[in-house]
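Q: Work from the hints to combine the two standalone chains into their complex.
These protein sequences, in sequence, are chains L and B.
Going letter by letter, the first sequence gives residues 1 to 293 in the numbering used here.
Going letter by letter, the second sequence gives residues 294 to 466 in the numbering used here.
Don't take each hint at face value.
No farther apart than 20 Å at their CA atoms in a straight line, the calculated lysine to any residue pairs in the SDA-like style are these [to be verified]:
(1) B:395 <-> L:63
(2) B:428 <-> L:119
(3) L:129 <-> B:319
(4) B:314 <-> B:392
(5) L:173 <-> B:367
(6) B:428 <-> L:37
(7) B:447 <-> L:81
(8) B:454 <-> L:109
(9) B:314 <-> B:406
(10) B:447 <-> L:118
(11) B:395 <-> L:116
(12) L:4 <-> L:56
(13) B:466 <-> L:169
(14) L:114 <-> B:314
(15) B:428 <-> L:204
(16) B:466 <-> L:114
(17) B:466 <-> L:168
(18) B:367 <-> B:301
(19) L:82 <-> B:447
(20) L:4 <-> L:205
(21) B:454 <-> L:218
(22) B:364 <-> B:466
(23) L:80 <-> B:429
Just some of the chain L residues that point at chain B, by a computed CB distance under 7 Å [said to hold, decoys possible]:
(24) 28
(25) 30
(26) 107
(27) 111
(28) 113
(29) 117
(30) 123
(31) 126
(32) 158
(33) 162
(34) 170
(35) 172
(36) 185
(37) 225
(38) 228
(39) 232
It is worth saying that the hints were derived from the structure and are not from the lab.
Cβ atoms here follow ideal geometry from the backbone N, Cα and C, with glycine treated the same way.
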Amino acid sequence: MKFKDKLKTNDFIITAELFPPKGTDISGVLERAEIIAPFVDAVNITDNQRASMRVGSLAMCAKLLQKGIEPVLQIACRDKNKIALQSELLSASVLGIDNILIISGDHPNAGDCKDAKPVYDLDPVRLLKAARGLEAGADLSGKPLKGSPKFCLGAVVNPQANPDGLQVEMFNKKVEAGAEFFQTQVIFDAGAFKKFYEKLPKNGKIKVLVGVSLIHSVKFMQFLQTLPGVVIPESVQSRMLGAQDPLDEGIKICAELIKSLKSFAHGVHIMAIGKEEHIPKIIEASKIQEELN
Amino acid sequence: MKATCGAQALFIVGCGGCAKKCATGDEAAILALSDSLKKAGKIVLGTVIVDSACDMRLLKRDLLKNEAFLKSDKAVVLACGAGAGALSALTDKKIVTGLNSKYLGTVERANITHKFCGVCAQECVLNETAGICPKTRCSKGLISGSCGGYANGKCEADIMKDCAWCLIYNKRK
Ligand code: SF4
Ligand code: SF4
Numbered sequence: 001m002k003f004k005d006k007l008k009t010n011d012f013i014i015t016a017e018l019f020p021p022k023g024t025d026i027s028g029v030l031e032r033a034e035i036i037a038p039f040v041d042a043v044n045i046t047d048n049q050r051a052s053m054r055v056g057s058l059a060m061c062a063k064l065l066q067k068g069i070e071p072v073l074q075i076a077c078r079d080k081n082k083i084a085l086q087s088e089l090l091s092a093s094v095l096g097i098d099n100i101l102i103i104s105g106d107h108p109n110a111g112d113c114k115d116a117k118p119v120y121d122l123d124p125v126r127l128l129k130a131a132r133g134l135e136a137g138a139d140l141s142g143k144p145l146k147g148s149p150k151f152c153l154g155a156v157v158n159p160q161a162n163p164d165g166l167q168v169e170m171f172n173k174k175v176e177a178g179a180e181f182f183q184t185q186v187i188f189d190a191g192a193f194k195k196f197y198e199k200l201p202k203n204g205k206i207k208v209l210v211g212v213s214l215i216h217s218v219k220f221m222q223f224l225q226t227l228p229g230v231v232i233p234e235s236v237q238s239r240m241l242g243a244q245d246p247l248d249e250g251i252k253i254c255a256e257l258i259k260s261l262k263s264f265a266h267g268v269h270i271m272a273i274g275k276e277e278h279i280p281k282i283i284e285a286s287k288i289q290e291e292l293n
Numbered sequence: 294m295k296a297t298c299g300a301q302a303l304f305i306v307g308c309g310g311c312a313k314k315c316a317t318g319d320e321a322a323i324l325a326l327s328d329s330l331k332k333a334g335k336i337v338l339g340t341v342i343v344d345s346a347c348d349m350r351l352l353k354r355d356l357l358k359n360e361a362f363l364k365s366d367k368a369v370v371l372a373c374g375a376g377a378g379a380l381s382a383l384t385d386k387k388i389v390t391g392l393n394s395k396y397l398g399t400v401e402r403a404n405i406t407h408k409f410c411g412v413c414a415q416e417c418v419l420n421e422t423a424g425i426c427p428k429t430r431c432s433k434g435l436i437s438g439s440c441g442g443y444a445n446g447k448c449e450a451d452i453m454k455d456c457a458w459c460l461i462y463n464k465r466k
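Excised from the complex, chain B in its bound form (with noise of 0.2 Å):
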């Protein structure tokens, strides 16, 4: 809401992508914010759901061109930061991002899902570790091998986790 200030004018941008299967960039979490907005004295001229606001050129044709868009003081982007940051690039217009994006997620079901993979541009060292990810999933992001904290198969920083080096220990096995 702070990130508004000095808007009057505002258009929702949501995902039909990652953001819409996380319920944050959905037509319902639009409605929502929409609401919100309307309730702090905001006018929402429109809003629109790309279907991957991180593929430009989705937005370019999607969005560039509407009128309400085009007219608004901010626009609200409901999208990772690939999506805020894809429209930031195109436009000149002020863009606010409406999400803190945790992870690339790996979804299991409605609402649970898990950080698999970090993005770590480097080689992937996942064909050496049974397919589980110490970088992103290790407290430590060791990628040789455990630290001696796991306890029970849990890791020392955090007992609710499962160590990533003993999943990958007993994986090999």
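Extracted from the complex, chain L is given alone in its bound form (with noise of 0.2 Å):
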């Protein structure tokens, strides 16, 4: 089933993300992609995520697609202007990658290229409204289209961002513009994301697919609680400080996780952040735990 489609049915989602090589060799990421593809329902790729220069998520998508595997495009703000945000959506749908992940990308203060331009000539929502502009025929210059897209377009909220409630009104915005799925950032903590999660407004068609992460090493955990917008419970830091096998009891933490996120979530969205090949162990592990209960 299609992701689009599966949005519209109250399974369960699992979406996953993989970001591709700073270089050629795109290998590595192909043989994740399949490892993991047969137990999601999508894979994202990441936009030089963390402002780091890597080969482009379109490219990365269409070689997904190739093997059978469906991408979201995930497409940041930050490095085109206008005219080239529009021209790679449009150019997505040549390559019949339909999913679109919008976000405004790590600042470049982040990454390997401080003083990259930060461009965000159009914001997320001002993105997502052009995306529907160019489904309903015409670009952002009211020009019309020769062919229109098809989108099913996602955006993404921080639920542990403080002041939450100004992601609460990110979200509606977001919706307003257009977007029909989105995914969270990064949370470690089921309750955390609930008290979140009751402060949106139900309507039951938007998917919202939370965040979590492997944590596979003390380092990981450490370098995670730099991230902007990312806090790790006590419980879990404890867990992880005190662990003997630490790749084992993070994939354990984040079954849980998944676990107690099925009894009121959409869905999750796995960052194993350069760990992806033990998805499919978090995934059974977190079946398993349900089983038991």
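A: Structure representation (structure tokens):
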């Protein structure tokens, strides 16, 4: 079933993300894509994530499609002006890629090219509207298109940003602008997500896939804590610090989180950041936990 | 100093407007510059402070007929780009800008200024954003609302800075 159709069901949806390499050797990413594909509904490809230059998301998405894996193209507003952004959307459609996740993108300050010009010519809300405009047959200047695309549009929110009311506001603005699904910033606390989730308007149509991550080592946990908007609860920190086998503990933590999210959330978006080969194990473990209950 | 290369006799133009407020184009700034130019072996033929260096009418009235200015090889302008550009448009004389302009500043008190407006030349959004300009004060210049990277009201790109959208959100509440 296509991701867009899956969003219309009541099934628990699982997506995961992969990031393209710095360099032309994409074999590792393709291998990982094939390992996770049977376990997920779609695979996101990040767009120069953390403002670090890599192979483009569009090219990697096209490669996934060739392998029969359904991609979600991430587009960051950071690097392209409105001409390039709209063109990217049309190019995606021409290649048969219709799942698009629109994000602002980490500021260049976060990356390896700090003096790069931060473009943000359009912001996510305006890019969502522009994409809907292209579907309706016109570009931002009002010029008619010869053939118009059809998208499944997603956006992001951060359930743990403080003040969270501003994120609720952004959720509503993005829905109004055309977002059909959301993938959230990483959370490690199902309760904290639930609190946020209860503040969102319920119309049942918009699916929110909760961002979860695999903490595979203590060092990686410390890195995660430096990322904007990531909060790791004390309980998770102490489990990781005391673990004999941190990777195994991380898999358990992630699986338990997915299990508890299953009781009320629409799905999860797994960001295993370089350890995607463990995603099948996480998903299997979350199912076993569910059966045990 | 590099830009004064090849010129022996210099003239210094100060500005009585913003550059004076910032203490970068006032008497003291002119004096300091003229001292260091002299130490570098240059001659300072004269100095003048134009009320507003960005006003071509005042430049014409107060500077263009000044004999020392006319005799000088180059004129160093202690004003923003609008002032240096104005003078450059009015004369064939070589102009050296002595300052790097940062932004159109809002003055809080001496030496404390803020960048509240980027003079975007588009429809001003302040009526919709509680008087706080996200084009200028959000690190990503997001117009429709925040990103998800702020933490406790601080910006993801610079934790020393308030997130503009959190300021707007709190002011609207
Ligand atoms: S929108 Fe912002 S930058 Fe533009 S004029 Fe208004 S305050 Fe200045
Ligand atoms: S944290 Fe706030 S100010 Fe910083 S980029 Fe995001 S929205 Fe803009």
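Q: Sort out which numbered hints this structure fails and list those numbers smallest first.
A: 1, 3, 5, 6, 7, 12, 14, 15, 16, 19, 21, 22, 24, 25, 27, 28, 29, 35, 37 and 39
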